[in-house]
Structure formats: structure tokens, C-alpha cells
Amino acid sequence: MSKLTISEEDFRKFREFFYRKTGIQFDGGKRYFVDKRLIERIEATGSESFRSYFTMLRFQASGEELQALTNAMTVNETYFFREEYQFECLVNSILPEIVKTKKPGSTIRIWSIPSSSGEEPYSIALYLTEFWKGIDSWDVELISSDIDTDILNKARNGKYSQRSIQHLPKDLLQRHFHKTGDGDYQISDDFRAAVEFTRVNLAEPADTRPYRGFDVIFCRNLLIYFDDLSRQKAAEVFFDALNPGGFICLGHSESMSRITSLFRVRKFPEAIVYQKPEAR
Amino acid sequence: MSTPQKRILVVDDAATVRMYHRSILEGAGFEVTEAINGIEALEKALTRPFDLYLVDINMPKQDGYAFLRELRKQDIPQTPAIMISTESESRDRSLAYVAGANLYLVKPIKPHELLANCRLLLGLAGGAE
Amino acid sequence: MAFVKRSQTTTVGQDERGYSRDFEGLCAELEAPNPTARRWAARDLAAHPGAAQVLIARLEVEPDAAVREAIMISLTEIGDAVTVQGLVKCLRSEDASLRNEAIEAMKHLPDTVAPVMAGLLADPEPDIRIFAVNVLESLRHPDVEQWLIEVISEDAHINVCATAVDLLGEVGTEAAVGPLEALKRRFPAEPYIEFAADLALRRIRDEG
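Which chain is which? The protein sequence lines are A, B and C, in order.
In the working numbering, each residue carries its 1-based index in the first sequence increased by 552.
In the working numbering, each residue carries its 1-based index in the second sequence increased by 2.
In the working numbering, each residue carries its 1-based index in the third sequence increased by 78.
Just so you know, not all the hints are guaranteed correct.
To give a feel for the contact side, a few chain C residues facing chain B, derived at Cβ under 8 Å [stated by the list, open to error]:
| no. | residue |
| --- | --- |
| 1 | S175 |
| 2 | N237 |
| 3 | A240 |
Quick caveat, the hints were computed from the structure, so don't treat them as lab data.
In this text, a Cβ means the ideal position worked out from N, Cα and C, and glycines have one as well.
Please take these sequences and the hints and turn them into a complete structure.
Here you go:
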């Protein structure tokens with residue numbers, strides 16, 4: 553059992569610091585959760601007390617511990633239709649605005665990063681197929697990238713556990729997946745062929761330079777784990793990758809307010825997203 | 003209170019300043035929300051409009067002027083806004099009004115000064131003291 | 079289904095990267111009419127250690143916010159004494175966004191900012207002293223608390239002290255207790271100072 557405790561003022565001080573750094577706000581109801589994670593990190597780093605841990609967190613040159621703590625404070629799991637309101641926003645608000653500016657016959661380009669094991673790009677493909685009428689009249693190019701080649705192979709294979717697909721509507725699951733011998737579900741070949749999986753390191757200009765001309769970028773729950781400067785540089789990459797007027801969607805606990813003022817805040821009925829300004 | 007509670011957005015990068023304003027305004031029965039810079043303020047304002055904005059000028063990522071200009075462009079153009087700065091020179095004052103502020107206050111602000119001006123802009127009794 | 083795949087092709091146009099990418103070419107491109115070209119030049123100049131001077135000069139006249147942001151990132155990566163000098167100059171700008179961008183860039187440069195910090199905190203302009211305290215907000219340097227204690231002990235301007243006392247709520251230790259008490263006595267009729275100093279004191283005393 554741990555003897556470490558987090559006092560009320562410690563909690564408040566930490567809460568303000570974490571909010572300034574990440575934009576995530578914990579209210580008093582999260583106290584138990586926050587204390588538990590903090591104590592875990594204090595012990596993991598061999599710190600003597602909250603005070604010494606907090607000083608390290610605040611002054612550490614590498615910023616590593618802030619990243620480790622952010623990881624502990626957020627649930628970073630991926631599954632089909634996670635944060636579904638953003639896909640609703642895509643088909644109901646974003647794409648209708650995009651197609652207004654497009655010539656018939658041109659292609660709508662979407663970039664999903666990080667691909668992880670593929671749940672997000674496939675969710676986009678499923679959503680467009682099922683819920684967007686425009687899919688009959690527009691070509692869509694869907695590219696999904698990750699830094700990890702192993703996870704990309706897993707994504708290309710498109711095989712998922714029950715836990716990954718639990719939020720998918722039954723009829724959709726039946727139409728587009730088949731059950732494999734070991735009880736998993738594999739997405740149909742049509743969808744596996746619909747997504748182009750590529751390896752990209754966002755911090756490597758030679759990797760990101762070819763990524764241009766996108767209309768929408770999904771980058772959810774990634775930038776929050778980067779340090780300040782890396783985040784800002786990633787935002788620059790996205791700025792270059794987007795067409796003027798193009799949109800970027802971040803995760804629900806992320807905000808451009810901690811990263812950059814390059815993008816405009818746009819409020820749609822379903823979500824807040826960010827838009828690259830039109831060329832002046 | 004017979005009238006619905008007025009909602010105020012306090013925009014300042016300094017946590018202590020936000021807490022100070024919150025304690026004064028909540029003590030007078032207002033509902034307070036905080037934002038750390040102009041971008042976060044805009045996200046909150048567009049999600050659910052406020053009755054009054056209390057905006058610092060110097061903030062990282064997006065300053066108070068840029069926030070007000072964008073707010074006035076995107077919607078709710080008639081919502082009153084108070085600009086707050088540590089600088090008292092007239093250049094900041096005029097820039098604040100050009101950006102769309104209704105009032106310009108200089109830090110440090112005394113509680114009665116803050117409350118009187120908020121009430122005034124909200125059209126509540128007790129505005130002028 | 080209407081999903082299509084194209085082979086990945088590099089689509090960087092000639093207009094963006096038309097000049098040679100050596101130092102002179104990039105400096106010329108930093109003046110190009112196309113803002114995208116200027117952003118690319120600003121970014122590629124980060125690889126040239128001597129580029130701070132030319133980037134700072136461009137910053138002062140650059141109208142495009144996206145180009146300015148790219149210049150700031152490159153300056154942060156170069157981070158030499160020339161960079162810091164240039165950023166200090168930006169603190170005196172009439173342009174609030176330029177000032178704030180300079181403050182943010184300086185937060186990332188503890189080792190090169192530290193030697194000029196004492197001078198900034200003694201600047202005759204209270205605004206400059208406030209901006210210097212703003213830099214300390216996220217500066218990862220062991221002297222941050224000491225600088226803040228000196229400010230609240232010596233600075234005559236209430237708003238400089240007010241900005242410093244806010245940060246002491248986060249980084250203050252026992253060493254700040256006496257100076258915080260003294261600050262309250264120095265500005266007895268100021269509710270904000272009392273509020274902020276009491277908050278900082280509560281946090282320091284409450285800790286294990």
C-alpha cells in the first residue's frame with residue numbers, strides 16, 4: 553500500500569498545470585482517478601513526494617514525464633465508430649461544404665493519421681458508404697498512415713476482435729465483415745482495397761512532403777502525446793497537406809488552442825473542427 | 003434571483019487571474035466559464051454563447067484582439083465584451099475598441115469596479131455606483 | 079464503391095521550391111511574393127545556423143501569420159544568441175500577436191534566454207518586465223523561482239508583481255513565503271495581490 557497522498561492544493565495546482573499544457577480539465581469528481589494516476593507516476597519515477605514529482609514534471613528538459621503522465625491520464629484505445637459524432641459531422645456538414653467548391657469528376661481526398669490497426673480509416677470508409685449520398689457521385693481517395701509498419705500490416709489485414717467492433721450496428725457488421733475461424737471479424741475485401749495504408753513519420757519532412765491536396769484530415773488522439781514544438785510542427789505539416797478551406801478533426805479531448813493559430817475554429821452542429829483559411 | 007443567471011466567459015492565460023475574476027463574479031451570482039486563450043474562448047463561445055466576455059489582451063496562440071475580431075465575424079456580434087490589459091497606453095485602448103470591445107479596463111481591477119462594469123454592460127440594476 | 083487509389087506522387091510544385099535550396103537561394107525566396115514559398119524558405123532555413131538574422135529581419139515585415147509561425151518555429155530550432163536578441167526586439171513591437179509569438183518562442187530556449195533574463199527584468203518599461211515574467215511561465219530553468227522572488231521583492235510596478243505572483247502559485251517553495259508576505263505588506267490596498275499571494279502561500283504551506 554502506498555503512503556503517498558495528494559492534498560487538495562496539490563490537486564488544484566496539478567489540475568491547472570495539466571489544463572494549461574493539454575487543455576484537459578478535471579473537475580472534483582475526477583479526483584480519485586487523478587490521484588491514483590499521479591501516485592502511480594510518482595512511484596514509477598521514484599519521486600519522494602508530489603512536490604518533487606511536480607518539480608520534475610514542470611522543469612524536465614525532455615518533457616518525457618509529461619508525455620508519460622498524459623498517457624496515464626487519457627484512455628488511448630481505438631475501436632470502430634469511436635467518437636462517432638465526428639463521422640456524422642463529416643457526412644452531414646464537412647463534405648457538403650467541400651463538394652460545393654469541387655468540380656464534378658474531381659476526387660475528394662481524406663487523410664487519416666495515425667492509422668493504428670485500421671479502425672479509424674475503415675470507420676470513415678464505412679460511414680461514407682452507409683451514410684453519405686455523395687459516395688455515388690464523387691470519387692474518394694482515403695489514405696491512412698502510421699509510423700509503425702507492424703501495425704500497418706495489421707491494418708491492411710483488417711481482422712478485429714469482438715471488442716473492436718462492439719459499437720458497430722449489427723446490420724452493418726453483417727454486410728461488411730465476415731467471421732473468421734478464430735472468432736474474430738475481418739472487414740470485406742472491398743474496404744481493405746478502399747484504404748491506402750502508408751508509413752509516415754510526421755517529424756520527418758522527407759516523409760511528409762508528398763502529402764498534399766487533402767480536403768479532410770483526421771488526426772485524433774495523437775498530438776496530445778507530443779511535446780509543444782513537435783505538435784506545432786505537426787500542425788504545419790497538416791497545414792501544408794490541406795487544400796485551402798480544407799478541414800482537420802482532432803480527438804475530443806484535444807484542441808488547436810494549445811497548438812497553433814494557423815487554423816480557423818469552425819462550429820458545426822455535430823462538432824468543432826478546424827479549417828485552413830481560404831487563400832486570400 | 004428572478005432573472006435567469008447571466009453567463010460570463012473569463013479569458014486569461016493566468017490561472018490566478020481567472021480564479022480571482024471567478025470568485026468575484028460567482029460571489030455576485032453570475033455563472034462563470036474560463037478559457038486560457040483566444041482559440042479556446044472561441045471554441046466555447048461558438049458552442050454556447052455567453053452574455054458577456056471578459057478578455058485579457060496578451061495571451062499565447064491567440065491574443066484578445068484576434069479573439070474579438072473573430073468572434074464579431076463568426077457570430078453573436080452584439081454580445082458585450084470587456085477588454086482587460088496591463089497596459090494603459092492609449093494605443094491599446096483604441097485597438098481594443100477597433101477589435102470590438104465595449105469597454106477597456108486596466109489591471110489590477112478592484113472587485114467593485116469589475117462588478118459595476120459587468121452589470122452596466124449587462125443592463126442590470128446597480129450598474130452605476 | 080467510389081473509392082479510388084492513386085500512386086503517391088510528389089506534388090510539390092515548382093512555384094514553392096523554385097529557388098536553389100542553398101542559403102542565398104533560401105534568403106531570396108524568403109522575399110517571394112507567394113506566402114507558401116516564403117513558408118518553405120523559412121522552414122528550410124532552420125538547417126542553416128547563421129539564418130537567425132535574416133529570419134528576424136523578415137519577421138518584422140512579414141504580413142502573413144502562417145509565414146510568421148514558420149519563422150518562429152525555425153528560430154526556436156536555431157535558438158542562438160542572435161535569435162534571442164531578435165525575439166527581445168519583438169517584445170517591443172506594437173503588434174500584440176508578434177509579442178506573444180516571441181514570448182512563446184523564448185519559453186523554449188532556457189539556456190540562451192537565461193543570460194538576458196536579468197536585463198529584461200530590469201528593463202525601464204514595465205510592459206517588457208511583464209513579458210519577461212510571461213516567458214518564465216513555462217521556462218525549464220532552475221532559476222525561475224529565484225527570478226520571480228526578486229521581482230516580487232523589488233519591482234515597483236504592481237502589474238509586474240501580479241504576473242510574477244501568479245507563477246509562484248505553481249513553482250513557489252518555502253523560499254517564497256517571506257517575499258510573498260512582504261509583497262502583501264507592500265501593496266496593502268490591492269485585493270488582487272492579496273488574493274494571489276494568499277493562494278500561492280496556501281499552496282506552498284499545504285505541501286508535504
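Here is what the structure says about each hint:
Taking 8 Å as the C-beta contact cut-off toward chain B, the hint placing S175 of chain C at the interface holds, the least distance being around 6 Å. Checking N237 of chain C against chain B: minimum C-beta separation of about 4 Å stays under 8 Å; hint holds. Because the smallest distance between the Cβ of A240 of chain C and any Cβ of chain B comes to about 6 Å, under 8 Å, the interface hint for this residue holds.
Violation of the numbered hints given earlier is absent; every hint is satisfied by the structure.
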